Amino acid sequence: MAGASSDYQRGTMNIAEQNATFHLVMGLTKWGSLYLSSVLLFFVLLFCTHTGFLGSAGTAVAMAVLGTLLLRDKKTADAH
Numbered sequence: 001m002a003g004a005s006s007d008y009q010r011g012t013m014n015i016a017e018q019n020a021t022f023h024l025v026m027g028l029t030k031w032g033s034l035y036l037s038s039v040l041l042f043f044v045l046l047f048c049t050h051t052g053f054l055g056s057a058g059t060a061v062a063m064a065v066l067g068t069l070l071l072r073d074k075k076t077a078d079a080h
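With this note's numbering as the guide, the letters of the sequence shown map in order to residues 1 to 80.
By construction, these hints were calculated from the structure, which means they are not laboratory data.
As a list, the in silico SDA-like pairs of lysine to any residue whose alpha-carbon atoms are at most 20 angstroms apart:
| no. | residue 1 | residue 2 |
| --- | --- | --- |
| 1 | K30 | N19 |
| 2 | K75 | H23 |
| 3 | K74 | F22 |
| 4 | K75 | G27 |
| 5 | K30 | L71 |
| 6 | K74 | N19 |
| 7 | K30 | D73 |
| 8 | K30 | Q18 |
| 9 | K30 | L41 |
| 10 | K74 | L24 |
| 11 | K30 | A62 |
| 12 | K75 | A20 |
| 13 | K74 | A20 |
| 14 | K75 | W31 |
| 15 | K30 | K74 |
| 16 | K74 | T29 |
| 17 | K74 | V25 |
| 18 | K30 | L70 |
| 19 | K75 | V65 |
| 20 | K74 | H23 |
| 21 | K30 | A64 |
| 22 | K74 | L28 |
| 23 | K30 | K75 |
| 24 | K30 | A20 |
| 25 | K74 | M26 |
| 26 | K74 | G32 |
| 27 | K30 | T68 |
Model, not experiment: these values are computed from the prediction.
The whole structure should be built from the sequences, with the hints applied where relevant.
Below, the structure written as structure tokens:
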């Protein structure tokens with residue numbers, strides 16, 4: 001069995017690695033879903049409409065650029 005319950009002290013564990021992993025997973029999810037949806041939009045427009053290659057590529061690139069501008073991390077003011 002584990003040690004005595006008095007050995008546990010709430011809030012003393014260093015969570016820097018868990019915090020970094022969380023931010024990595026959230027970032028990969030955010031950016032991966034944006035660029036995957038841009039690729040899917042490109043292929044849907046290319047094969048399912050009469051848009052053509054340039055129209056499909058332009059629309060997909062525009063979506064990726066606008067998504068990048070809207071989803072990027074905002075610069076925050078330093079605390080006083």
